[in-house]
Amino acid sequence: MSNKKIAVRNLRLCTKDCLCLYVCPTGATDTENSIIDPEKCIGCGECALACPSAAISLVPADYPEQQPKTNIVISALNDQAQRKSSTEKAASQIAALMADCGLGYLLEAMARSERLVTEDIMREAGYMLPQSSNVRQLLEELVANPPTPSFPIETAKKLLKLLP
Amino acid sequence: MKYVCSICGYVHDEAEKGIPFQELPADWKCPWCGASKSDFAPQEEKEASAPIVTDASDLSETHELQKLSAGQLAALCSSLARGCEKQYKAEESRLFKELANYFTAITPAVEDATVMTIADALKEEIAFYPTLKATAEAAKDRGAQRVCVWGEKVTRMLYSLINQYLEKGDQMLEGKDVWLCTVCGFVYIGKDAPELCPVCKVPAWKFEKISGRN
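If you read the protein sequences in the order shown, they are chains A and B. Numbered as in this note's numbering, the first sequence ends at 164 without a single skipped number. Numbered as in this note's numbering, the second sequence ends at 214 without a single skipped number.
Calculated from the structure, these hints are not laboratory results. One or more of the hints may lead you astray.
To be verified - No more than 30 angstroms apart at the CA atoms, straight line, and that leaves these computed lysine-lysine pairs for DSBU-like:
id: 1; chain 1: A; residue 1: Lys16; chain 2: B; residue 2: Lys201
id: 2; chain 1: B; residue 1: Lys67; chain 2: A; residue 2: Lys157
id: 3; chain 1: B; residue 1: Lys133; chain 2: B; residue 2: Lys67
id: 4; chain 1: B; residue 1: Lys191; chain 2: B; residue 2: Lys29
id: 5; chain 1: B; residue 1: Lys67; chain 2: A; residue 2: Lys69
id: 6; chain 1: B; residue 1: Lys86; chain 2: A; residue 2: Lys157
id: 7; chain 1: A; residue 1: Lys69; chain 2: B; residue 2: Lys140
id: 8; chain 1: A; residue 1: Lys16; chain 2: B; residue 2: Lys89
id: 9; chain 1: B; residue 1: Lys86; chain 2: A; residue 2: Lys4
id: 10; chain 1: A; residue 1: Lys158; chain 2: A; residue 2: Lys40
id: 11; chain 1: B; residue 1: Lys123; chain 2: B; residue 2: Lys37
id: 12; chain 1: B; residue 1: Lys97; chain 2: A; residue 2: Lys161
id: 13; chain 1: B; residue 1: Lys89; chain 2: A; residue 2: Lys161
id: 14; chain 1: A; residue 1: Lys40; chain 2: B; residue 2: Lys86
id: 15; chain 1: B; residue 1: Lys86; chain 2: A; residue 2: Lys16
id: 16; chain 1: B; residue 1: Lys29; chain 2: B; residue 2: Lys201
id: 17; chain 1: A; residue 1: Lys158; chain 2: A; residue 2: Lys69
id: 18; chain 1: A; residue 1: Lys4; chain 2: B; residue 2: Lys89
id: 19; chain 1: B; residue 1: Lys89; chain 2: A; residue 2: Lys158
To be verified - To list a few chain B residues with every Cβ distance to chain A over 12 angstroms, as calculated:
id: 20; residue: Lys2
id: 21; residue: Val4
id: 22; residue: Tyr10
id: 23; residue: Val11
id: 24; residue: Ile19
id: 25; residue: Pro25
id: 26; residue: Pro31
id: 27; residue: Lys37
id: 28; residue: Ala41
id: 29; residue: Asp192
The C-beta atom is built at its ideal place from N, Cα and C for all residues, glycine as well.
Work out the full structure, taking the sequences as your base and the hints as a guide.
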């Protein structure tokens, strides 16, 4: 893992003051789509320092592996994730049967809430970063042994190609 | 005496408010998060639950991990989609979303699911949090301890709301909207989203109105 950083712009904060264009030594900030060009960015941070809207920050070009996890913790996290995912399913399947009404909305909100919490749990259960070796292993396993015939195998293959 | 909301930490100070907690109406709600009276506990009383003993030495190699279910994989993939989005990887994010949708679609239906069974399921989730926390503490896993903090509060809120619904029915939702904090999952019933999420403190614009059109 290197210490290389690259600059990213938060478009919600960017007010087009354009000082980043002025200070950037490589022209990485000068793009039509407002995304700082990661190929040109050298991670010097001048744009982030110059931005009056604090819309630019430096992020690591690559991330470290997740802290090691013990299986007993992963297994407890997975247990809770399983409970939550079946509550999510129950709530969304009842909500789907109901026409537009308060209870339907409440159940839909609950299903989405359960998903958000489960996502957080799964991140801590060893799948924090898309570019981690755990994620790669999982995708490889899914490609080798698709869970059902309708599994979108090309999607998984494309991800394996795109992720470093 | 002070009473503290177990979800958002709001304190009802009897001396300051001039109303004993017990005398508040039965349908009184936490002014911050909308939790029920029963979600409050007296502040002085430290939770004296028996410590949960977890053997931290029983880990790694000996503890076999089970294959992940479709439901778990659905959340795993939608979480990775979110992660890619945050890293400005739009294509990867879209692909992980496709995988998440696939796993969501093949997650088996829950048999005989009703509002009542959802309440029971939430109760079980809440009951498991102490074990999860103790396991994470014993293994000194900071991240796993962290997910318990918001997760437990949000789960308690869902349980509180479903019980409010079981008690009051549609009356509970009349003239109000359902709001979801898209960051932590906190659910709020009201005319407007709260200014700050009572659980994770993000501003109102992070809330989404759930109105069946999404």
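Each hint tested on the structure:
1. Straight-line distance between C-alpha atoms of Lys16(A) and Lys201(B) comes to about 28 angstroms, which keeps the hinted pair within the 30 angstroms bound.
2. Restraint check for Lys67(B) and Lys157(A): the C-alpha separation of about 21 angstroms stays at or below 30 angstroms, so the hint holds.
3. Taken as a hint, the Lys133(B) and Lys67(B) pair is honoured in the structure, with Cα atoms around 22 angstroms apart against an allowance of 30 angstroms.
4. Distance restraint check for Lys191(B) and Lys29(B): the Cα-Cα separation of roughly 15 angstroms lies within the 30 angstroms cut-off, and the hinted pair is therefore satisfied.
5. Straight-line distance between C-alpha atoms of Lys67(B) and Lys69(A) comes to about 17 angstroms, which keeps the hinted pair within the 30 angstroms bound.
6. Distance check on the hinted pair: Lys86(B) and Lys157(A) sit about 22 angstroms apart at the alpha-carbon level, within 30 angstroms; holds.
7. This hinted pair checks out: Lys69(A) and Lys140(B) have alpha carbons roughly 10 angstroms apart, not beyond 30 angstroms.
8. Between the alpha carbons of Lys16(A) and Lys89(B) the distance comes to roughly 22 angstroms, so the proposed pair stays at or under 30 angstroms and holds.
9. About 18 angstroms separates the Cα atoms of Lys86(B) and Lys4(A), which keeps this hinted pair within 30 angstroms; it holds.
10. For the given pair, Lys158(A) sits about 25 angstroms from Lys40(A) by alpha-carbon distance, which is consistent with the 30 angstroms threshold.
11. As the CA atoms of Lys123(B) and Lys37(B) are separated by approximately 17 angstroms, the hinted pair is consistent with the 30 angstroms bound.
12. At most 30 angstroms may separate the alpha-carbon atoms for a hinted pair to count; Lys97(B) and Lys161(A) meet this at roughly 16 angstroms.
13. A hinted pair counts as satisfied when its Cα atoms are at most 30 angstroms apart, and Lys89(B) with Lys161(A) qualifies at roughly 13 angstroms.
14. Restraint check: the Cα-Cα separation between Lys40(A) and Lys86(B) comes to about 20 angstroms, which is no more than 30 angstroms; the hinted pair holds.
15. Taking the CA atoms of Lys86(B) and Lys16(A), the gap is about 21 angstroms. The hint holds against a cut of 30 angstroms.
16. With a CA separation close to 19 angstroms, the supplied pair Lys29(B) and Lys201(B) stays within the 30 angstroms bound.
17. A hinted pair counts as satisfied when its Cα atoms are at most 30 angstroms apart, and Lys158(A) with Lys69(A) qualifies at roughly 28 angstroms.
18. Of the supplied pair hints, the one linking Lys4(A) and Lys89(B) holds, its CA atoms being roughly 18 angstroms apart against a limit of 30 angstroms.
19. For the hint pairing Lys89(B) with Lys158(A), the CA-to-CA distance comes to about 13 angstroms; that is within 30 angstroms, so the pair holds.
20. For Lys2(B), the requirement that its beta carbon stay farther than 12 angstroms from each beta carbon of chain A is met, with the minimum near 29 angstroms.
21. Every CB of chain A lies more than 12 angstroms from the CB of Val4(B), the least distance being 22 angstroms, so the non-interface label holds.
22. No beta-carbon of chain A comes within 12 angstroms of the beta-carbon of Tyr10(B); the shortest separation is about 20 angstroms.
23. The beta carbon of Val11(B) sits about 25 angstroms from the closest Cβ of chain A, which is more than 12 angstroms, so the claim that it is off the interface holds.
24. Taking the minimum C-beta to C-beta distance to chain A, about 30 angstroms, the non-interface status of Ile19(B) holds against the 12 angstroms cut.
25. Here Pro25(B) stays apart from chain A, with its beta-carbon at least about 22 angstroms from theirs, past the 12 angstroms limit.
26. Listed as a non-interface residue, Pro31(B) keeps its Cβ farther than 12 angstroms from every Cβ of chain A; the least gap is roughly 20 angstroms.
27. The Cβ of Lys37(B) sits about 20 angstroms from the closest Cβ of chain A, beyond the 12 angstroms cut-off, so the non-interface label holds.
28. In this structure Ala41(B) is separated from chain A by more than 12 angstroms, as the shortest Cβ-Cβ distance comes to about 22 angstroms.
29. In this structure Asp192(B) is separated from chain A by more than 12 angstroms, as the shortest Cβ-Cβ distance comes to about 15 angstroms.
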